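These protein sequences, in sequence, are chains Z and D. Residues in the first sequence are numbered from 1 upward in steps of one, following the working numbering. Residues in the second sequence are numbered from 1 upward in steps of one, following the working numbering.
Hints in this document: simulated from the structure, not taken from any laboratory. Treat the hints loosely; a few may be bogus.
Treat identical chains as interchangeable: a pair holds within one or across any two.
Computed cross-link-like contacts, DSSO-like style, restricted to lysine-lysine with a CA-CA straight-line distance of at most 30 Å [said to hold, decoys possible]:
hint	residue 1	residue 2
1	K144	K7
2	K44	K183
3	K7	K141
4	K267	K336
5	K243	K315
6	K264	K315
7	K44	K316
8	K38	K327
9	K199	K237
10	K243	K316
11	K141	K183
12	K338	K237
13	K44	K141
14	K7	K316
Note that this is a predicted model, so its numbers are computed, not measured.
There are 2 protein chains.
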Amino acid sequence: MARTTIKDIAEASGVSQMTVSNVINDRKSKASAATIEKINQAIKNLNYRPNMSARSLASSASKMVGVVIPFTENQNQLLLDNPFYAEMISGIESALREQGYYMMLAGVGESNVALDVISHWNVDGLIVLGIYPEGLYDLLKTMKLPTLLIDSYIEDDHFYHLRVDDDAAAFEATNYLIAQGHKNIALVTGAIREDGVIKRRLAGYNRALKQANLVQNPDYIFEGSVGFAWGQKAADKLIAQNKITAAFCTADLIAAGLLAGLHKNGKQIPQDISVMGFDNISISQMVYPALTTMDQEIVGKGRIAANLMTSLLTKKQVEREVETKVKIIIRDSVSKFKMRRDDV
Amino acid sequence: MARTTIKDIAEASGVSQMTVSNVINDRKSKASAATIEKINQAIKNLNYRPNMSARSLASSASKMVGVVIPFTENQNQLLLDNPFYAEMISGIESALREQGYYMMLAGVGESNVALDVISHWNVDGLIVLGIYPEGLYDLLKTMKLPTLLIDSYIEDDHFYHLRVDDDAAAFEATNYLIAQGHKNIALVTGAIREDGVIKRRLAGYNRALKQANLVQNPDYIFEGSVGFAWGQKAADKLIAQNKITAAFCTADLIAAGLLAGLHKNGKQIPQDISVMGFDNISISQMVYPALTTMDQEIVGKGRIAANLMTSLLTKKQVEREVETKVKIIIRDSVSKFKMRRDDV
DNA sequence: TTTATATGTTAAAGTGGTTTAGCGCAAAAC
DNA sequence: GTTTTGCGCTAAACCACTTTAACATATAAA
């Protein structure tokens, strides 16, 4: 017993395939109420489900949105154990699904073959998370698809952008640390790239220090990569700079690593060193002490991204650059500055 | 300029479409070496990429494998912020991709509509993570697809299974706690279901206690749900049973919550209470103290699942039940039992 | 009344692959 | 020496939808 097709529905309800198609897709030149009723009845009776492959072939549109995330360093595996991406993706997927679209995941790392796959399937649009080597953006442009970049500052009219005001957010975070009386504040961060968010966060950090007339010591800036391991390693370096009493990490994952590294060195947090994160990933409340951090509302941001994309795909007017909100979350990893013995 | 099709390749290399198709798909009745060369050349020159929709329509196979994971409780969002699923998925995806397949993610929760989507797209097989209401399995069977269940004990010839030896793993974990001298050992767990892994882990736990002639106190079993929040809540209940000196959690996520809850109550870990986890998700080394746990090699398990599936799809012989290995990882959350003041 | 416009519907022609059936021709088997 | 087998290749039909063009009929406008 083969699968029910649109043809079966047409025969069962005594109309042409085209009328059925019109009803299913809710097209302008609507069928009469009676016809619609008949057809819907038949669809229900015969348990008809449209075949997406046929639909996609005929219309060269797929109701699929490609979502690009990074691969792990050398494994070529989706960087899903980074909760930032995981949470963002579940946000994107849910909103996409609500709008009748489907998410197609693709990783990008040493190779871009995953993008080929995406193009084989005729995706309708692209949402790209994070930042990649230059070349990728050219490749993206050749695909001639509506493309939304999340958290990047690539300048090109082809792309739409979604991000927070990274400069302002870092400024606010640093100010919070300053307000707690800290004067020697480190920045622990991933790689600083011209077209990335971190450069803006660095600017916000510097701006806050300057406004408070604090020295901007380049030795207080620890640049590595976005990950737990780097945070752990940074702990040692940070301790070596023994005046530092607080650290602002540009990602919670780094902050979590920093916490672990500091613990290993026998430091108490926040008594010895205050740690501030960024993102508010789920892990930030699982570490000890729970992280004070900048909430990005990651899932919500993902949903906004998806909705922007579906608007684009339905030719609605969409701003080229959209900003989402940020909010400080106060937990237990930051405390007021207290003079330490060796500072006396 | 329209996309290059197989027809273009056929014309360019002076053969029929069918010959091109045969070469591309590497089919039995091979073309002559010369023809193959000509065709491959044309493919490269014209930058031809097969259209998957067309291929899928014509062959009613899609090179796609549906992967089913749970939705969040009431949000209908993919449960990706549970690192267990996130890690498993990146394993599945990478192995699938290496075999030329593509992963299609679908969530299941209050509704199963996501499964419809999957069937619209003609997926070739199904990998199902975790455990669901009875009804889902009937639905799964009606899809008449090769189906691999990960971590479930549903009895039905239709399904293939992949899991660890949950009983033995829990036995080993509990024995480790016993070997450290603990006598009053709690089990903190998600819901115990007839067809789930937890029932087997409970059995292993009980078996270890029995073998060591320890009392099996039902008050030492804390049944809730698999999640950080439940772990936190369980901490209070566990403390109320003041003889308990160690807890075996059936998931790292629960263990992480337990840690947080115990901290909040001023407990020291492992000095006051030892905590053992299960899974070895990435978070287990981020919490404080780092979790001693049972490693499931989640990513590897995902890869094994994917390889089983592709074997199934290529009609290779496959065992109906496959077991993966488990290994204890000793970190800092378990210590030897020490007599406490109030136990004197 | 005639003409224009909109509505509801349809038949036929794609969309880009694969499946099926079969055709020459050469080598192997009888 | 004839028949069988297998190889390399092809033409045509088909997969389940959408696009296009067009045709009645009803209603509104001139």
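(request) Indicate which option fits the pair K7, K316 if close means a Cα-Cα distance not exceeding 30 Å: within, between, both or neither. (result) Intra 33 Å, inter 36 Å, cutoff 30 Å: neither.
(message) Please sort K267 with K336 into within, between, both or neither, judging by C-alpha distance up to 30 Å.
(response) both (16 Å within a copy, 24 Å between copies)
(request) Evaluate K144 and K7 at a C-alpha cut-off of 30 Å and name the case that applies: within, between, both or neither. (result) The answer is between: 23 Å across copies meets 30 Å, while 34 Å in one copy does not.
(message) When Cα atoms must be at most 30 Å apart, do K199 and K237 count as within-copy, between-copy, both, or neither?
(response) within (21 Å within a copy, 47 Å between copies)
(request) Classify it for me, K243 with K315: is the Cα-Cα distance of at most 30 Å met within a copy, between copies, both or neither? (result) neither (55 Å within a copy, 65 Å between copies)
(message) Cα distance capped at 30 Å. Does K44 pair with K183 within a copy, between copies, both, or neither?
(response) This pair counts as neither: shortest intra-copy Cα distance 69 Å, inter-copy 61 Å.
(message) Please sort K141 with K183 into within, between, both or neither, judging by C-alpha distance up to 30 Å.
(response) Neither. Shortest intra-copy (45 Å) and inter-copy (64 Å) distances fail the 30 Å Cα cut-off.
(request) Pop the pair K44 and K141 into one bin, within, between, both or neither, using alpha-carbon distances up to 30 Å. (result) Between copies only: 20 Å across chains, 42 Å inside a chain, cut-off 30 Å.
(request) With 30 Å as the alpha-carbon cut-off, assign the pair K38 and K327 to within, between, both or neither. (result) neither (52 Å within a copy, 60 Å between copies)
(message) As a check of your reading, is K44 near K316 (CA-CA no more than 30 Å) within one copy, between copies, both or neither?
(response) neither (32 Å within a copy, 38 Å between copies)
(request) Tell me, please, which holds for K338 and K237 at an alpha-carbon limit of 30 Å: within, between, both or neither? (result) within (22 Å within a copy, 36 Å between copies)
(message) I want to check one pair: K243 and K316. Are their C-alpha atoms no more than 30 Å apart within a copy, between two copies, both, or neither?
(response) Neither, since 54 Å and 64 Å both go past 30 Å.
When each numbered hint is compared with the structure, violations occur for hints 2, 5, 6, 7, 8, 10, 11 and 14.
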